[in-house]
Amino acid sequence: MLNLPVYDTAASFDDTSGHWASAYIETARQYNIISGTGDNRFEPDIPITREQMAVMLDNLQVEFPEGTGATSYTDVNAMSSPWSYDAIMRMSSAGIIQGFPDGSFGLGKILTRAQMAVMMERISAYVPDNLY
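So the sequence shown is numbered by UniProt numbering: it starts at 1 and just counts up by one.
The set of hints was computed from the structure by calculation and includes no laboratory data.
The beta carbon of each residue, even a glycine, is placed where N, CA and C say it ideally should be.
There could be a bad hint or two in this list.
As the list claims (entries may be wrong) - Quick list of the computed label-pair ranges, beta carbon to beta carbon: (1) Ser17 x Pro65: 37 to 45 Å; (2) Tyr24 x Gly103: 32 to 40 Å; (3) Asp14 x Asp129: 28 to 36 Å.
Work out the full structure, taking the sequences as your base and the hints as a guide.
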């Protein structure tokens, strides 16, 4: 989808050296798509949350037409999720990410493969060939 050249360099996170996905993780870091979990760690084998995915997608800095999606959730506000709030709102407004029927976003919930596939398909329509 992004057609990024893979960085085959030494791992810059302390916990990704020798990991099968190390080159891809480093590529995502070089393009500022990911920044890790703190203390120079990435934790490549733990699941990601819905808000982490929102931040990664937002880090692509794709331009969207005027948003029509949800812009409020029962479990998300600038105080409850300061590091992800803006990304959640942008991805929701663009229709890339949707909440649940109960009005919640699912803050802290693990992202399922199905949810990830839907988000990737939705954002792919807006990713230009020359994004990077």
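We went through each hint and held it up to the structure:
1. Ser17 x Pro65: 37 to 45 Å: holds (42 Å)
2. Tyr24 x Gly103: 32 to 40 Å: holds (35 Å)
3. Asp14 x Asp129: 28 to 36 Å: holds (35 Å)
Every hint from the earlier list agrees with this structure, and none is contradicted.
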